[in-house]
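Mind docking chain C on chain H? Use the hints.
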Amino acid sequence: MLSVAAFTEGRHAQALPTFGSERTGAPVTSFCRIDDVGIRAHEPITSPDAVIIQDPTLLHVAPVLVGTSPDTYVLINSSRPVEDLGVEPLVSDFRTGRVLTVPATELARQHIGRPLPGAPLLGAFSALTGLISLESVATAIRQRFAGALGEANVAAARAAYESVVQPGTRFADA
Amino acid sequence: MLEQVEGSRAVADVVARCRPQVVAAYPISPQTHIVEALSDRVRAGDLQDCTYLMVESELGALSACIGASVVGSRAYTATASQGLLYMAEALPNVSGLGLPIVMTVANRAIGAPINIWNDHSDVMSQRDCGWIQLFASSNQEAVDLHVQAFVIAERTSIPVMVCMDGFVLTHAVEEIDVPDQQAVDSFLPPFVPRQVLDPDEPITIGSMVGPDTFTEVKYLAAADQLAALEVIDEVADDFRASFARESGGLVRGYRSDDAAIVIVSLGSVHGSICDAVDGLRSEGLAVGALAVTCFRPWPEGQVTSALARATTVIVVEKAFSMGSGSIVGNDVRLALADLGATVFTAVAGLGGRPVTADIIRRLVADVRDGELEADVLHFIDVDRSVVARELAERRPARAGREAIR
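Going down the list, the sequences are from chains H and C.
Residue numbering for the first sequence follows the numbering used here, beginning at 71 and increasing consecutively.
Residue numbering for the second sequence follows the numbering used here, beginning at 65 and increasing consecutively.
The shape of chain C in the complex, shown without the other chains:
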């Protein structure tokens, strides 16, 4: 049933209906409303057979989830920003041990300078930690992805991060259909762990692996990651069949089939991009959008085929690799290496700066007018007068091509 509800509240409701047996979390903005609501539900008895662990830190939260998961419990946590970084030590343990933990990341910038607002630098810093990373383009998708995430995690034994833009989605009040208990129960079967720690039948989980087999373990983990692509796709298909709406999957195009220019993005900015696409289409331009829902594992084949007919691809991303450049754009470039499309990469929306449909339209105009170079990362919403003044006071830059614009 549609409700007018805050994104965080809807996520807490759907997570509760996924019947986690252990929720361990440490509050951090903008994730706080989600875990507060879950703790309330446990305390009030609305969420039965669940233990809520108030821990001392994010490292404690994820460590508690690891403990819960290895004894066969469905475990959930949520964090953001520095909280995710504080979990970093345990993140590859979860994936390496094959524990199907689900975590919401309410995407927020990482400091310094300290900033509580939205961008993707938190999850991008952990893109190689072996977790599946799914990005919600709307609050409805954020809700739906949580139901799918538990299915995907438990079917693949790979942990899943559901990434939703902090404040932009978590604190927006919108119409959201939160699947009811019966619908969630029929989509998400009870958790059957592959192996459990049991005093009556002792085994070791997480033993040391030396140079003789470490590479093979990692190779198999990499193979499992790529195999998960198929599962993620299947689960989205099943979800569509059960709930009659499109949510999740690997990539999703919008008016992109016949588009010469396609704008690629992750997360909620896809909404404004769709609005910009409609505006540009009404002016006769063949523009489309592609939302990358699954960023890790990287759905290279699906990205390639979704962009196969485009001549110009513009990647808009809310994070970048310091000292290098684009993150998502580089993956897109590799996916298109054998095709003729020109790829432009733009970073925007850092630390909560809004990325509007107007900015997207200007970006498309600049690309069409030849204002942007294809092989550099452009900071499209930077205040150039401010940075020019600061740069002028510094020692002259060394000769050579500028890495960024």
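Isolated chain H, as found in the complex:
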């Protein structure tokens, strides 16, 4: 949906999932490239400009921040502020305003009725990075999910977006 959102803005985009032993709870990785020129490579991203972490427990067990720089955006799905996650050594090098938690699962439960954090994470990603507009995210969501389900996901994305742009945002202090 992120690549579709970028595409609707006239940019070039590519989404690459990875596959393995898919089962509920197993770590999975996906990649998305957004560019102003056509994308030829189909290789995994090793130096991300942004990392979206759907499950904060992965920070303790998987090298999810490998290849990042202090400028990389790190968006973590959690109801707790970054400093309460016990990941201080991992995120201390990032610039102020780059590491953020958003209660995506909580928002998904509230608006969609299921703990599926994808749409709210995209809303928060839009607010955090400014790389894509919330409207494009909404367009991509509606393209993927029709009717009431789409609207519920859009509402969750909007709520996440607003929680980020409002004062009191849960940025990590760096």
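You may find that some hints are simply not true.
Unchecked claim - From the structure, some residues in chain H lie toward chain C, with a derived Cβ separation under 7 Å:
1. S73
2. L86
3. E113
4. P114
Please keep in mind that the hints were generated in silico from the structure rather than gathered at the bench.
The beta carbon of each residue, even a glycine, is placed where N, CA and C say it ideally should be.
Quick look at chain C alone, frame taken from chain H:
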């Protein structure tokens, strides 16, 4: 119209617009999304005048396509990996009978060890079965090759495999222009079979041929294969004229005209190689790339002329011949036998290991630094510490030159 869409979905859409009359397939990763989508279209009535056959196996799938094709239907199937191997018995029947069946192969490694990810060992195992093998370097090309494949198959009476890298392309969501129905209809005329099984005018297709004529039949098939090169080229030219983009054909160079070093590959790795070429060019190195789109029949003359000015040729391939070495590289060597270029062969990307632009740049640096020998197959992305430890525990190797590095 450009859409942001999964490769498999785009292939299913374009195959549907090629109006197959029979689709028979057995699901196997990473081909599944293609045949699922086609079965949906038939069920929903979006793909009219088409029968979707849910069969019990890949051998059943291809056998059903054979039956459909000999009675004059346009037939399509798709598979990967062990599924292609399970079709192996029927593959030469299709080519031997001259049936213009089109098949997508979502390239995947073959086991054991079992591995669902991408390499080219599946199609390479069937390179001598008499099918045309076209390799897509991108999802756009995968889509375009399917339209061309039906034209080529029906014009030559030779079946065509469209090879697209499993997961790497099939599951990537990208911008793809899927030609609309009208454009496909004007490029691909309705199928007119050369001969059909018809109860009212009985003939035999596939009778036994003894030692008295078998060689002649095979000779003529080999001649037809080589003649297909011209058709494949023509169809790509026609495609460019109709759709205003380069897709298909025999080989395609990238910044290779004045290149001293040219990197040859098949499939989607060409994209990362082009990125590496741009990087190396910006450092002042005369490097280029050559995508081999048509691997069978082997376009020897086009490979020779495309590489005629290179002094160093590096072949990167995602499969190898166990106990022997390079597959594509050996064909390239023969094509360059009368020229002075040194040919290096490298295998990489087995079982889904990514082949990145960085790996390609390192490979070029190693070749320039004299780190690689020209006449052996190099495993450029192998973890040497792991294999060294294992080899140390085995009995000492016999004296003699190592076949691989």
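Structure-based check of each hint:
1. S73: holds (5 Å)
2. L86: For L86(H), the interface hint holds, since the closest Cβ of chain C sits about 5 Å away, which is under 7 Å.
3. E113: With Cβ-Cβ at 4 Å, under 7 Å, it holds.
4. P114: Result: holds, 5 Å to nearest chain C Cβ.
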